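**Q** Each chain, written out:
There are 2 protein chains.
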Amino acid sequence: MIGVGRKARAASLLMAQADTARKDTALLAMADAIEQSASQLVSANSKDLESGARHGLDDALQDRLTLNEQRIAAMAEGLRQIAALTDPVGEISHLAYRPSGIKVGRMRVPLGVIGIIYESRPNVTADAAGLCLKAGNAAILRGGSEALHSNQAISQCIQQGLEKAGLPHDAIQVIETTDRAAVDELLVMKDYVDVIVPRGGKGLIEHVINVSQIPIIKHLHGVCHVYIDDKADIKKAIDIAFNAKTQRYGTCNTMETLLVAQDVAERLLPELAGMYQAEGVELRGCKQTCDIVTGIREASDEDWDTEYLAPILSIRIVTGLDEAIEHIHIHGSNHTDAIVTEDIGRARRFVREVDSSSVMVNASTRFADGYEYGLGAEIGISTDKLHARGPVGLEGLTSQKYVVFGDGHIRQ
Amino acid sequence: MIGVGRKARAASLLMAQADTARKDTALLAMADAIEQSASQLVSANSKDLESGARHGLDDALQDRLTLNEQRIAAMAEGLRQIAALTDPVGEISHLAYRPSGIKVGRMRVPLGVIGIIYESRPNVTADAAGLCLKAGNAAILRGGSEALHSNQAISQCIQQGLEKAGLPHDAIQVIETTDRAAVDELLVMKDYVDVIVPRGGKGLIEHVINVSQIPIIKHLHGVCHVYIDDKADIKKAIDIAFNAKTQRYGTCNTMETLLVAQDVAERLLPELAGMYQAEGVELRGCKQTCDIVTGIREASDEDWDTEYLAPILSIRIVTGLDEAIEHIHIHGSNHTDAIVTEDIGRARRFVREVDSSSVMVNASTRFADGYEYGLGAEIGISTDKLHARGPVGLEGLTSQKYVVFGDGHIRQ
Chain A
103 MIGVGRKARA
113 ASLLMAQADT
123 ARKDTALLAM
133 ADAIEQSASQ
143 LVSANSKDLE
153 SGARHGLDDA
163 LQDRLTLNEQ
173 RIAAMAEGLR
183 QIAALTDPVG
193 EISHLAYRPS
203 GIKVGRMRVP
213 LGVIGIIYES
223 RPNVTADAAG
233 LCLKAGNAAI
243 LRGGSEALHS
253 NQAISQCIQQ
263 GLEKAGLPHD
273 AIQVIETTDR
283 AAVDELLVMK
293 DYVDVIVPRG
303 GKGLIEHVIN
313 VSQIPIIKHL
323 HGVCHVYIDD
333 KADIKKAIDI
343 AFNAKTQRYG
353 TCNTMETLLV
363 AQDVAERLLP
373 ELAGMYQAEG
383 VELRGCKQTC
393 DIVTGIREAS
403 DEDWDTEYLA
413 PILSIRIVTG
423 LDEAIEHIHI
433 HGSNHTDAIV
443 TEDIGRARRF
453 VREVDSSSVM
463 VNASTRFADG
473 YEYGLGAEIG
483 ISTDKLHARG
493 PVGLEGLTSQ
503 KYVVFGDGHI
513 RQ
Chain B
103 MIGVGRKARA
113 ASLLMAQADT
123 ARKDTALLAM
133 ADAIEQSASQ
143 LVSANSKDLE
153 SGARHGLDDA
163 LQDRLTLNEQ
173 RIAAMAEGLR
183 QIAALTDPVG
193 EISHLAYRPS
203 GIKVGRMRVP
213 LGVIGIIYES
223 RPNVTADAAG
233 LCLKAGNAAI
243 LRGGSEALHS
253 NQAISQCIQQ
263 GLEKAGLPHD
273 AIQVIETTDR
283 AAVDELLVMK
293 DYVDVIVPRG
303 GKGLIEHVIN
313 VSQIPIIKHL
323 HGVCHVYIDD
333 KADIKKAIDI
343 AFNAKTQRYG
353 TCNTMETLLV
363 AQDVAERLLP
373 ELAGMYQAEG
383 VELRGCKQTC
393 DIVTGIREAS
403 DEDWDTEYLA
413 PILSIRIVTG
423 LDEAIEHIHI
433 HGSNHTDAIV
443 TEDIGRARRF
453 VREVDSSSVM
463 VNASTRFADG
473 YEYGLGAEIG
483 ISTDKLHARG
493 PVGLEGLTSQ
503 KYVVFGDGHI
513 RQ
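Quick mapping for you: the protein sequence lines, in order, are chains A and B.
The numbering of the first sequence is this note's numbering, which starts it at 103 and goes up by one.
The numbering of the second sequence is this note's numbering, which starts it at 103 and goes up by one.
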């Protein structure tokens with residue numbers, strides 16, 4: 103792996119100099135190659151699917167692993183969209199004269215070498231390669247062993263794109279070993295890798311946190327809340343709470359716990375509970391909730407800390423805003439939390455006091471997403487406080503250095 | 103130390119809500135308390151100085167440790183300057199409607215709890231406390247054992263300021279134990295501390311890097327370069343190269359290696375060498391340099407990687423820009439590097455290709471400083487790529503979260 107790191111570092115110096123047109127040429131050529139290789143991709147993918155079936159992968163995982171025509175087209179389209187995004191590299195901001203006469207600004211530059219560790223979904227190979235490349239970085243991609251053949255086939259398309267644009271082929275290296283030790287080696291190569299982005303289940307992320315000597319951009323889990331205030335508009339509250347849970351179950355920005363102010367609980371919960379149940383969502387409630395919505399299971403202590411990623415929702419009745427914020431501080435994961443209220447003072451307090459990567463007023467938590475925020479594609483969502491927070495797009499894959507322009511200026 | 107962490111975390115929630123006027127009141131009251139306690143500070147400091155003398159601290163360290171009237175006034179003035187800076191907390195930027203109808207922006211928020219580990223200079227206690235407080239954070243300050251009495255006396259002034267403003271006294275905790283194990287405990291309290299800022303010698307920084315499980319804002323060392331191009335204006339080149347070395351020797355932004363294009367070396371080096379030698383700077387040169395400047399010691403391989411922090415300078419003659427950039431890539435520390443040239447294309451290449459936290463054209467490396475850049479006071483200089491890079495002021499002690507405003511918006 104040291105050899106991989108060394109080659110990535112060397113390539114990163116060339117990538118940092120690559121101009122926008124060259125990078126976009128590579129991205130568009132990759133997209134073309136992926137479309138033209140659709141049948142090879144499907145056949146490589148079928149090997150992974152057969153092996154998955156032999157190893158007893160469950161249906162959800164097999165589904166994530168699957169590459170079909172539609173998904174292949176989406177991968178190509180994703181790369182074209184990245185080509186269309188503004189190149190962040192080289193932008194100079196805050197440029198201003200200082201009293202000494204020097205002119206000081208900040209210049210956006212690539213991070214260098216980015217290591218991405220991910221599971222099952224082979225489309226991450228194309229997405230991650232595209233984002234890293236456009237931001238002027240070199241990337242080391244290590245997908246799951248279950249997607250090995252698919253990732254190799256995508257890697258060939260990536261290489262065709264790099265070659266066509268005259269960019270170094272080490273700029274994107276897809277690791278072909280399925281040896282788990284290779285991941286651990288990658289995580290300590292701090293001379294060659296500038297940041298690690300792990301994407302996958304909690305087990306993977308925790309392992310990366312424990313082993314890595316390199317800074318990480320990550321979110322561990324998403325226990326997202328919607329708090330329905332007693333000053334909420336009931337229709338908006340029902341729409342948002344229903345959407346935040348049921349629009350998709352397996353995503354990190356899906357609501358897992360609904361908090362309801364006690365003064366509106368009786369007006370609102372019976373209808374909302376009926377909607378959830380009609381949709382097949384299992385409800386677990388605090389004692390008070392169970393009194394209003396009969397026949398549901400009482401939530402355990404563990405429920406309040408659980409990211410279900412499934413049609414299950416825990417519901418707690420709180421006295422008001424203070425208790426809601428306290429609950430989120432204790433049980434939340436600093437991912438995405440929303441308040442539904444018509445009261446501007448309470449909205450203001452919620453926005454200020456809830457310390458999450460996205461804080462929302464009268465909107466569904468499902469909006470926490472790079473596309474919805476206008477960043478274009480995202481490499482992941484960060485719940486860390488340093489560097490990037492929330493959805494991480496191209497800008498999160500760059501850094502800013504200071505640039506100083508003088509004309510013989512010396513310090514007095 | 104866990105108790106300290108828990109108290110800091112609790113205080114950080116209150117600090118994040120504290121309004122600007124309250125924070126400024128605390129800062130101004132701290133400044134007043136420091137001025138009014140000048141005699142107590144001097145007498146506490148004299149205990150540290152006596153103990154330092156007993157333990158054989160060298161003159162440079164004793165000097166750094168010393169608090170006199172002038173330095174006490176400077177500490178108070180520093181706090182008043184921090185009070186005068188714009189409060190970064192709460193600023194919302196990039197607020198714009200998205201096609202879905204939601205309005206998305208980024209809100210600047212405190213980081214939370216900041217742990218600062220530093221050596222000798224007691225003024226860091228006041229500076230660091232002031233910066234952390236203004237940015238809405240709680241701080242845990244752990245100074246060197248050699249400054250214990252001085253730091254305790256400053257801590258009392260800080261507490262008076264917090265009390266006067268009605269802010270929690272746990273917002274700034276100055277650790278009073280001299281037990282080194284306390285530092286290591288602090289470095290693994292990742293549930294209670296959001297970022298660690300080590301300030302001190304290379305030994306301290308390396309120890310923190312090895313032990314910390316918390317993200318760090320740091321620079322390890324500063325091996326800064328000035329490259330004099332063959333298209334340089336000779337007068338500017340001499341002014342800048344002389345200033346970058348001799349304006350102060352012990353600072354991290356002082357030039358340690360001078361690179362000179364071979365075509366101008368003979369015109370420039372004899373005069374410049376004479377100026378350095380008149381100033382008492384020891385010169386060490388590559389073979390070619392030794393041919394031009396006779397009687398100086400030849401630089402060893404180690405010299406090119408050394409941060410002297412002393413009146414010593416290594417000089418290397420290079421063929422031109424390419425070799426200069428390559429030398430900086432190999433031997434630099436990503437801190438501050440400057441080119442002297444009148445050629446716009448070469449300046450452009452140097453700015454783009456040198457991957458340092460500050461890159462300069464025709465200006466002395468000594469400008470790399472929070473005050474000179476207009477940030478106000480700085481908590482340190484970062485040579486990391488993630489989060490803050492270069493001088494770290496108030497903004498580097500904050501983070502940005504996404505805020506989303508809707509009116510019942512749900513995701514389709």
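Hints listed in this document are in silico derivations from the structure and should not be mistaken for laboratory results.
Honestly, I wouldn't trust all of these hints.
Said to hold, decoys possible - Straight-line alpha carbon distances no greater than 16 angstroms define the calculated EDC-like cross-link-like pairs of lysine to aspartate or glutamate that follow:
(1) B:338 to A:509
(2) B:389 to B:409
(3) A:292 to B:471
(4) A:205 to B:471
(5) B:333 to B:368
(6) A:389 to A:409
(7) A:338 to B:308
(8) A:333 to B:368
(9) B:337 to A:403
(10) B:292 to A:308
(11) A:337 to B:509
(12) A:266 to A:471
(13) B:333 to A:308
(14) B:205 to A:509
What the hints assert, rightly or not - Computed beta-carbon distance windows for the label pairs:
(15) B:422 to A:350: 54 to 60 angstroms
(16) B:155 to A:450: 40 to 46 angstroms
(17) B:157 to A:247: 56 to 62 angstroms
(18) B:364 to A:186: 43 to 49 angstroms
(19) A:281 to B:308: 27 to 33 angstroms
(20) B:200 to A:377: 49 to 55 angstroms
(21) B:161 to A:282: 54 to 60 angstroms
(22) A:497 to B:161: 43 to 49 angstroms
Just so it is clear, the structure is predicted and the values come from calculations on it, not from any experiment.
Quick reminder that beta carbons are idealized off the backbone N, C-alpha and C, glycines included.
**Q** If you draw a straight line from the CA of residue 266 (chain A) to the CA of residue 471 (chain A), is it 16 angstroms or shorter?
**A** 32 angstroms, violated
**Q** For residue 333 (chain B) and residue 368 (chain B), compute the direct alpha-carbon distance and say whether it is at most 16 angstroms.
**A** Answer holds: residue 333 (chain B) to residue 368 (chain B) is near 14 angstroms, not above 16 angstroms.
**Q** Are residue 422 (chain B) and residue 350 (chain A) spaced within 54 to 60 angstroms by their CB atoms?
**A** 57 angstroms, holds
**Q** Quick one, are residue 205 (chain A) and residue 471 (chain B) close enough, alpha carbons at most 16 angstroms?
**A** 13 angstroms, holds
**Q** Does residue 337 (chain B) pair with residue 403 (chain A) here, judged by a C-alpha cut-off of 16 angstroms?
**A** 73 angstroms, violated
**Q** CA of residue 389 (chain B) to CA of residue 409 (chain B), is that 16 angstroms or under?
**A** 21 angstroms, violated
**Q** If you check the beta carbons of residue 161 (chain B) and residue 282 (chain A), does the distance land in 54 to 60 angstroms?
**A** 55 angstroms, holds
**Q** If you check the beta carbons of residue 497 (chain A) and residue 161 (chain B), does the distance land in 43 to 49 angstroms?
**A** 48 angstroms, holds
**Q** Against the 16 angstroms threshold, does the CA-CA distance of residue 292 (chain B) and residue 308 (chain A) hold or violate the hint?
**A** 14 angstroms, holds
**Q** Are residue 333 (chain A) and residue 368 (chain B) close enough, with their CA atoms no more than 16 angstroms apart?
**A** 79 angstroms, violated
**Q** 27 to 33 angstroms was suggested as the range; check whether the CB atoms of residue 281 (chain A) and residue 308 (chain B) agree with it.
**A** Hint holds: Cβ distance 31 angstroms, inside 27 to 33 angstroms.
**Q** Does the alpha-carbon distance linking residue 338 (chain A) and residue 308 (chain B) stay inside the 16 angstroms limit?
**A** The given pair, whose Cα atoms are some 54 angstroms apart, is violated under the 16 angstroms limit.
Consistency with the previously given hints fails for numbers 2, 3, 6, 7, 8, 9, 12, 13, 14, 16 and 20, ordered from lowest to highest.
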